[in-house]
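Student: Protein sequence lines, in the order shown, are assigned to chains A and B. For the first sequence, the residue numbers in my numbering are 1 to 117. For the second sequence, the residue numbers in my numbering are 1 to 111.
Everything labelled a hint here was simulated from the structure, so no lab data went into it. These figures come from a predicted structure and were not determined experimentally. It is possible that part of the hints are untrue.
Quick list of the computed label-pair ranges, beta carbon to beta carbon [what the hints assert, rightly or not]:
#, chain 1, residue 1, chain 2, residue 2, range
1, B, Arg22, A, Leu20, 36 to 42 Å
2, B, Tyr96, A, Ala54, 17 to 23 Å
3, B, Ala20, A, Leu46, 23 to 29 Å
Just so it is clear, CB atoms sit at the ideal spot from N, CA and C, and this is done for glycine as well.
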Amino acid sequence: AQSVTQLGSHVSVSEGALVLLRCNYSSSVPPYLFWYVQYPNQGLQLLLKYTTGATLVKGINGFEAEFKKSETSFHLTKPSAHMSDAAEYFCAVSDQRGGTSYGKLTFGQGTILTVHP
Amino acid sequence: GAGVSQSPRYKVAKRGQDVALRCDPISGHVSLFWYQQALGQGPEFLTYFQNEAQLDKSGLPSDRFFAERPEGSVSTLKIQRTQQEDSAVYLCASSYLDTQYFGPGTRLTVL
Numbered sequence: 001a002q003s004v005t006q007l008g009s010h011v012s013v014s015e016g017a018l019v020l021l022r023c024n025y026s027s028s029v030p031p032y033l034f035w036y037v038q039y040p041n042q043g044l045q046l047l048l049k050y051t052t053g054a055t056l057v058k059g060i061n062g063f064e065a066e067f068k069k070s071e072t073s074f075h076l077t078k079p080s081a082h083m084s085d086a087a088e089y090f091c092a093v094s095d096q097r098g099g100t101s102y103g104k105l106t107f108g109q110g111t112i113l114t115v116h117p
Numbered sequence: 001g002a003g004v005s006q007s008p009r010y011k012v013a014k015r016g017q018d019v020a021l022r023c024d025p026i027s028g029h030v031s032l033f034w035y036q037q038a039l040g041q042g043p044e045f046l047t048y049f050q051n052e053a054q055l056d057k058s059g060l061p062s063d064r065f066f067a068e069r070p071e072g073s074v075s076t077l078k079i080q081r082t083q084q085e086d087s088a089v090y091l092c093a094s095s096y097l098d099t100q101y102f103g104p105g106t107r108l109t110v111l
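Chain A extracted, bound-state conformation (with noise of 0.2 Å):
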């Protein structure tokens, strides 16, 4: 079975500073990663994802996220916040497409970014 851990359900950043957001993952086959940023009364939104290839991988509005597969880790990073970033965000966890596998997505619990002037 596949899970997400999210290490901080809160974390407060000033406006400028550098934004990390962990996510660890267990998954029994190579997995395929994603990070959703999810604003109030809104839907999920990819930020970015990872399947195959460079382990670095940059998503929309500055945010990039780098696959450490001994750490079993895919953390979110921007190196400068703003205030727009305020959201919840969610990082998640698929099998590889192919065969019997389809891709249904298990979710960390989240964690609220709070960004202050």
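Dock chain B against the given chain A, drawing on the hints supplied.
Tutor: Just chain B, lined up with the frame of chain A:
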């Protein structure tokens, strides 16, 4: 193009009532997922369709929950005899290749 849409956006039901939640996926997306998101939690998988075939319903919490996608496009999640513990946001997603695209969700409140 249009994204995934869900209706209603908000639903208040009295305990014991039946409810039906609708999902309109992105046109042409074969795969469709339903998730349940309780307050303060991450979404949890309910069920999966490939076209009209329901291939996985392992996440449905009880036999009061039923989902269908009869023509391989619009899907409906039905909850019979709603209970307070059914209060949550119900999210629908359709997928292309490896990416799932989510709708805005239906917030169900059971009184």
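Student: Please name the hints from earlier in the document that this structure breaks, with their numbers sorted from lowest to highest.
Tutor: Of the numbered hints, all hold.
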